[in-house]
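**Q** Please model the complete structure; the sequences and the hints are all you need to start from.
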Amino acid sequence: MLIMGEVRTGLLQNSAEIEERDHQTVLGLLAGERVRMSRRPIVYAVSPDLLTGVDCRLPSASNARIRGVGTLVSRATITGGRILQGSSYVRVVRGEVNHRLPWSHYLARPGVVEVLGKVSAPDLAGGFLAFGPPGEQLDLGSVSDRFMDVVQESALLDLRAPFRSDRTRLRWVAETGEPGVHFILGESTGRTLRLTHHGEFSPAVVDLCEDLALHDWLLTALLTIVQRARIGGASRPEVSARLAPAVDTLLHLWMPGARIHPSLAPLWENLERTPGFSRQWQSLVERVRDQLAVNTLALLRETNG
Amino acid sequence: MLVFAISDKGGTGRSVTSSNIVYRRALQGQDVCYLDFDFGSPTVGAIFRVSTASRGTTRGGMHRYLQGEITEPSRIDVWTESDRDTIRAKPAGAGQMVLLPGDQGGGEFATFDAEMLKRCVRLFAKLHEQFDLIMVDLSAGRSFAAHLALAATAQLPKIPARWLVFHRWTRQHIIAANGLVKGEHGLLDVGREYGHDPGALTDRIRFVRTAVLELGSGDFAHLRPAQRSWLNEIDRELRELATRNGVGLTTMLGKVPLDPVLQWREQLISDEDVAGTEIANAETVFAFDDLAKKIVDDTAWEGL
Ligand SMILES: Nc1ncnc2c1ncn2[C@@H]1O[C@H](COP(=O)(O)OP(=O)(O)O)[C@@H](O)[C@H]1O
Ligand SMILES: [Mg+2]
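One line per chain: the protein sequences are B and L, in this order. Letter 233 of the first sequence, counting from 1, is numbered 233 in my numbering, and no numbers are missing. Each position in the second sequence, counted from 1, maps to that position plus 1000 in my numbering.
Quick caveat, the hints were computed from the structure, so don't treat them as lab data. It is possible that some hints are incorrect.
Some chain B residues well away from chain L (every beta-carbon gap over 12 Å; in silico) [said to hold, decoys possible]:
1. LEU11
2. ASP55
3. SER62
4. LEU159
5. GLU175
6. HIS182
7. GLY199
8. PRO237
9. SER263
10. LEU292
A partial selection of chain L residues facing chain B, derived with a Cβ cut-off under 7 Å [to be verified]:
11. GLU1069
12. THR1071
13. GLY1093
14. ARG1122
15. GLN1130
16. LYS1158
17. GLU1302
Beta carbons: idealized from backbone N, C-alpha and C, even for Gly.
**A** Okay, here's the thing in structure tokens:
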């Protein structure tokens, strides 16, 4: 009926990109299961799926009391040995009965939450995307966040990340329908995405949301670095020093749509038209490179006479 | 970096001084946050002049987070939520300044369990992702909050941590500050219990003198010669006492002069208070600014 999820994205707390062979240890939240890796066009690792059982209120725009029981699916990913994501989603369906069934029933349906009673998809979606105050409600974000915390606690990480950054939160809902996407950049770190696609839900939709969250985070991080560099305000060496982490860690990670299923590619193209992620990224990158070039030239001129 | 603000007694100026250090650090372009771990009297909202949290928040603060009632403690962006216009005017190049308030009516904890410690460790680690400076205002004395901080930092050896002991420039405060560090159940004692190396921990502790009267300053111009020489003598005795108690110049990170504004009200001193309305002293801001630089300046923290 309705799929909803939340992706949190942040910087892996290590001074350097982690080595390929270390992904298994860092992401091995569940003993005994292999971390999946792909190497082209960028090193990407994803943890096994993790299930969390829930029996709680679901969000509602009209503040209706909706109870849902079931499990949500989460996973953690690392891209480029640098960017960490925690992602959780759930498929909300109407339960066949109005009371709670034995857990075996829900465990047989991983990633599904059954609603006990009436529910309307728009009401649920509206409540979820509103980022209300955290309470007793289903909180996909904090589950995603918890898994990120666990990864960050890995003994392999030195906790000396090249710059400080905030985790972003992307909440998304997906339904079947005429293909379309609507992305909203919130006030602080919150973003929302409404997505409709042809055919049945598939995990490819989750890949798309994670890819979008990743690129939105990259853009946010680069924007912050550029703003804080105080181009024109601070001295040239200072500006260059502040821009350096962006060049060292971020610029090469931009690969929108790299892992997206071809059937969903048109949705990414929509997002490239509005809000136009790559356009903004490209102009920022040029600004950073120009600044560094100009500053280097100025320094050379000074040292040469 | 984690910085813990601690004092043996209440009313030393710990909260006001550490808040102003955080404010100065943000103005210097660093991302900073301030955690109210003074569970018994959460007052930092008042210092930053955030009316929604002047005696702690009702929206889920430090206390409820540590107890596991909420998954994330609420955050206040001081630049946008302060009631003071001069604070809301965030200058270009300033860093983030975020308050994690205590809970209204929270109260001191008597003890903490493993779960609470885990939450505390996780919070510190997460804040370290985002902030250059994490200032934690601890309850006065040998409190549960200090135990929790020592236990948590022992589990986070990769995150640099430093301790600032605030004290006034009087006989009793000097002796008490030393006792808080070296005395029975003091920082070093308790730190050792949780796995800190006492030598390494000692190197991470510095003292800050608050509300200090400077004998050379104009305030004393009106004194009679007899009064002046008496004060000089007392000050000399205090300096000797401080050195004997390990609270002397070598372990002092800085001192903040007595300021007329802070004497009357707990607040941040803005540049406007000095240059515009001229109600506060430039020396006070200079002292905060200097402390804000020194807490991260490794040369001020070399082993003694
Ligand atoms: N440098 C200073 N000059 C004058 N008064 C000060 C100074 N620093 C702090 N005070 C005042 O001392 C009192 C106690 O300060 P506070 O920070 O609340 O102490 P604590 O947190 O140690 O209990 C407050 O009224 C405060 O305004
Ligand atoms: Mg206080």
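**Q** Each hint: holds or not?
**A** How the hints compare with the structure:
1. LEU11: The claim is violated: LEU11(B) sits with its nearest Cβ about 7 Å from chain L, within 12 Å.
2. ASP55: 17 Å, holds
3. SER62: 22 Å, holds
4. LEU159: Incorrect as stated: the minimum Cβ-Cβ distance to chain L is 4 Å, not above 12 Å.
5. GLU175: Holds: least Cβ distance 28 Å, greater than 12 Å.
6. HIS182: Correct as stated: the minimum Cβ-Cβ distance to chain L is 27 Å, above 12 Å.
7. GLY199: Given that every Cβ of chain L is farther than 12 Å from that of GLY199(B), nearest at about 35 Å, it holds.
8. PRO237: 15 Å, holds
9. SER263: It holds; SER263(B) is separated from chain L by about 35 Å at its closest Cβ, greater than 12 Å.
10. LEU292: Per Cβ check, LEU292(B) is outside 12 Å of chain L; nearest 19 Å; holds.
11. GLU1069: It is violated, given that the least Cβ distance between GLU1069(L) and chain B is near 10 Å, above 7 Å.
12. THR1071: THR1071(L) check passes; min Cβ-Cβ to chain B is 4 Å, inside 7 Å.
13. GLY1093: Cβ of GLY1093(L) sits 5 Å from chain B, so the hint holds.
14. ARG1122: The hint holds - ARG1122(L) has a Cβ within 7 Å of chain B, the shortest such distance being about 5 Å.
15. GLN1130: Since the shortest Cβ distance to chain B is 5 Å, the answer is holds.
16. LYS1158: Hint on LYS1158(L): holds, closest Cβ of chain B at ~4 Å, below 7 Å.
17. GLU1302: 20 Å, violated
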